[in-house]
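Asker: Read off the chains here:
2 protein chains.
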Amino acid sequence: MHKRRRWAGRMKSMRRSTIREILKLTKQPGMISFAGGLPAPELFPLKAFSEAMEKTLQQDGAAALQYDVTEGYGPLKEFLCGWLSKQGVACNPENMMFTSGSQQALDLIGRVFFDPGDRILVENPTYLGAIQAFNAYEVEYLSAPMDEHGMIPDVASRLAKKRRPKIGYFVPTFQNPSGITMTLERRLALLKLAREQHFPIVEDDPYSYLRFRGERVPSLHQLAKGKNVIYVSTFSKLLSPGIRLGFVVAEPDIITSLVLAKQAADLQPNSLIQRAVYHYCEAGHLDLHIPTITEAYRVRANQMMTAIREFFPPGIRCVEPEGGMFIWCTLPAKISAMRLFKEAVKHNVAYVAGTVFHPHGDGRNTLRLNFTNSTAEQIRTGIQRLGDVFREALV
Amino acid sequence: MHKRRRWAGRMKSMRRSTIREILKLTKQPGMISFAGGLPAPELFPLKAFSEAMEKTLQQDGAAALQYDVTEGYGPLKEFLCGWLSKQGVACNPENMMFTSGSQQALDLIGRVFFDPGDRILVENPTYLGAIQAFNAYEVEYLSAPMDEHGMIPDVASRLAKKRRPKIGYFVPTFQNPSGITMTLERRLALLKLAREQHFPIVEDDPYSYLRFRGERVPSLHQLAKGKNVIYVSTFSKLLSPGIRLGFVVAEPDIITSLVLAKQAADLQPNSLIQRAVYHYCEAGHLDLHIPTITEAYRVRANQMMTAIREFFPPGIRCVEPEGGMFIWCTLPAKISAMRLFKEAVKHNVAYVAGTVFHPHGDGRNTLRLNFTNSTAEQIRTGIQRLGDVFREALV
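Going down the list, the protein sequences come from chains P and R.
Using the numbering used here, read the first sequence as starting at 1 and increasing by one per residue.
Using the numbering used here, read the second sequence as starting at 1 and increasing by one per residue.
If we strip away everything but chain P, and leave its shape as in the complex, we get (with noise of 0.2 Å):
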């Protein structure tokens, strides 16, 4: 921060990602990466989507470069929601607006519903970009711990009851970091806490479509039937990131509000992506594609799981997941993930140290592996290196 400049008081709470200050330096020669949430790009859809593309420039024209409204293009959210409902997550349109990427549907929450100070409550670890999104409306997190079935609802309520969220936030299927599904019968204790406390819950689900093992858990919107969720999720990881497509379904009170902050953020998303997503939706290949990225995560993942299994020394904790796209790991107690980053690197292999998902900066024996942007053999020989770093730790 430059001294001269009078920046605004909320600058001091926000902080550069430091994933994304990771990815750069990942991209050093030889180097394998384990760190970011990529998905595998070698599987994105491009002949669909390029077809999509030609079919909507050609078709729509003008419309797709043109202004449009706030709200979404209608077709669009008629499709998506018809398809969501299939899913369980019931929607009409005057549901559901599309958004800059997931994040800005974060940080648009953040902006219709926090004031300095107000509390929101979160599994610990949480999802980064939420931390993100949230620390600019300077907000105060209520971290609950939890295990691999998910957040633990007596620690939940306790700190609700104490210091009444403003909103709860969670990612309750394959979380990012943790990979890991809360149970129905926590999701159930979740929804009545949030009831008995009347506070809105969000349910950030970018991966509960990336499934490739284990029996699906009903979402937090489809269990509450909608009521007093608010369900974001994005297109980047069942099609594409880098076109930069998130969607919400809430109720219409909340959307309109939603929709308000949109047009002051950025007026409207994008008209030519909506349009050519919806014609790569409604010629079918959403879910033509989905099967495709769900087995090749899965073998992904068992081969991770098989490696470490083979070269990470006893006394490290891996958390096998049903879907999504990482794993999490925990080291012994003593043994700080941040500190053996460095060594890491210096051995050609990167992950993300866990306490950047912990507000309050626990998690430091904790690590994050993303499973899905490494082939077979990086996936191994990236492993076997970093039971090296493990094992030199400790002796």
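Derived from the structure by calculation, the hints contain no laboratory data.
No residue lacks a Cβ here, since even glycine has one placed at the ideal position from N, Cα and C.
Don't take every hint at face value.
[Claimed, not checked] Pairs of lysine-lysine, DSS-like flavour, derived with a Cα cap of 27 Å: (1) LYS225/R to LYS161/R; (2) LYS12/P to LYS12/R; (3) LYS55/R to LYS47/P; (4) LYS55/R to LYS55/P; (5) LYS55/P to LYS47/R.
[Said to hold, decoys possible] Derived coverage of chain P by chain R (criterion: at least 3 residues anywhere in the stretch with Cβ under 8 Å from a Cβ of chain R; other residues may be distant): (6) 4–16; (7) 37–47; (8) 58–65; (9) 94–108; (10) 253–260; (11) 269–279.
Starting from the structure of chain P, add chain R where the hints point.
Answerer: Below, chain R without anything else, positioned relative to chain P:
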């Protein structure tokens, strides 16, 4: 606003865009609308942009669909800096970032600079999108009156010295809404004031490239050699607004803060759009296309001024523009343009009542006419209808 919800305090100062609401209303069949600020869709370079998009998806492939850096796509920054430097806006890639339209640039500027209660010096009238963006930060407006030479320096100076603005925000060239261009003398006076009073200037410049008569006036950015001026512009008027690509040129420390804010707001600009616009520009289309739009807008502005002279009753002053998209009219002091708007809509013609562009709600007898989004026939018929409405009100 739903009563049972606990919204953020800032929601009280946010309101829906009157213009966006009017745009919905003016979609009625038979309506001739001079209300929007829409570029002429029939002039969009559909073919050239389609080719650029095809090239992007073929040549850049997966990279165009993947996550990328918040700072923006390097080659487009290189190109655009070269192009802008030739136009007198000296720039290097580290001075530049991309935003989701210039609306997001205004939002991010608000985010990094404004605390509630901060004051901002603006022209009166000023751009409605800026009022919307800045309202979210609960600022106060110091609005300095304009004449046909732009903002009046003495009044601006008195306001600034007394009330100490945190920032000055101006649209010095072909202003939206007034179409007026600030003279060189007044630009120099404004820059002197900003230096003495230590406030940075935001120069919002979507229109200067659309000059169809008169001599170019150097940008504030150029006159200040980039010092303490945040230059904001967009591809919305040069190429397409639907693709949502704006840009900011500013000193590197300001870019760093804005990038940090953008990470929290929506992570990054659209990878695909940035690359497609790069291929479009790199093939030479930007310089080919601008004269086409400019010439068409010149013709339409002339048609509208001719019709105004023919059909408007005496006592209405309209400012003949040298570029941009708008003609600004002032009715006799006692007449309310807002009240007459309903009458105009009954006659199937629409404009924007000028009061919405005045942060303190004055300018009741002013109105804005857009000439870029209507045919010669529509312009003549629409102005004739308006003439009837005004004549009736003036008797």
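Asker: Could you run down the list of hints and mark each one as holding or not?
Answerer: Each hint tested on the structure:
Distance hint between LYS225/R and LYS161/R is fulfilled; the C-alpha atoms sit about 24 Å from each other, no more than 27 Å. For the hint pairing LYS12/P with LYS12/R, the CA-to-CA distance comes to about 25 Å; that is within 27 Å, so the pair holds. Among the hinted pairs, LYS55/R with LYS47/P is consistent with the structure: their alpha-carbon atoms are about 13 Å apart, no more than 27 Å. Between LYS55/R and LYS55/P, the direct Cα distance comes to roughly 15 Å. Compliance with the 27 Å bound is thereby established for this hinted pair.
Annotation: proposed proximity of LYS55/P to LYS47/R holds, straight-line Cα distance about 13 Å (limit 27 Å). A count of 10 residues in the segment 4–16 of chain P with a Cβ less than 8 Å from any Cβ of chain R is obtained; the coverage claim is therefore met, three being the minimum. As drawn, the segment 37–47 of chain P meets chain R at 6 residues by the rule of a beta-carbon pair under 8 Å; at three or more, the given contact holds. Figure legend: the segment 58–65 of chain P, annotated as covered by chain R; annotation consistent (6 residues with Cβ-Cβ distances under 8 Å, at least 3 required).
Figure legend: the segment 94–108 of chain P, annotated as covered by chain R; annotation consistent (6 residues with Cβ-Cβ distances under 8 Å, at least 3 required). A stretch counts as covered by a chain when three or more of its residues have a beta carbon under 8 Å from one of that chain; for the segment 253–260 of chain P and chain R the count is 4, and the coverage holds. Check result for the segment 269–279 of chain P against chain R: holds, 5 residues qualifying (beta carbon to beta carbon below 8 Å, three or more required).
Consistency note: the structure conflicts with none of the earlier hints.
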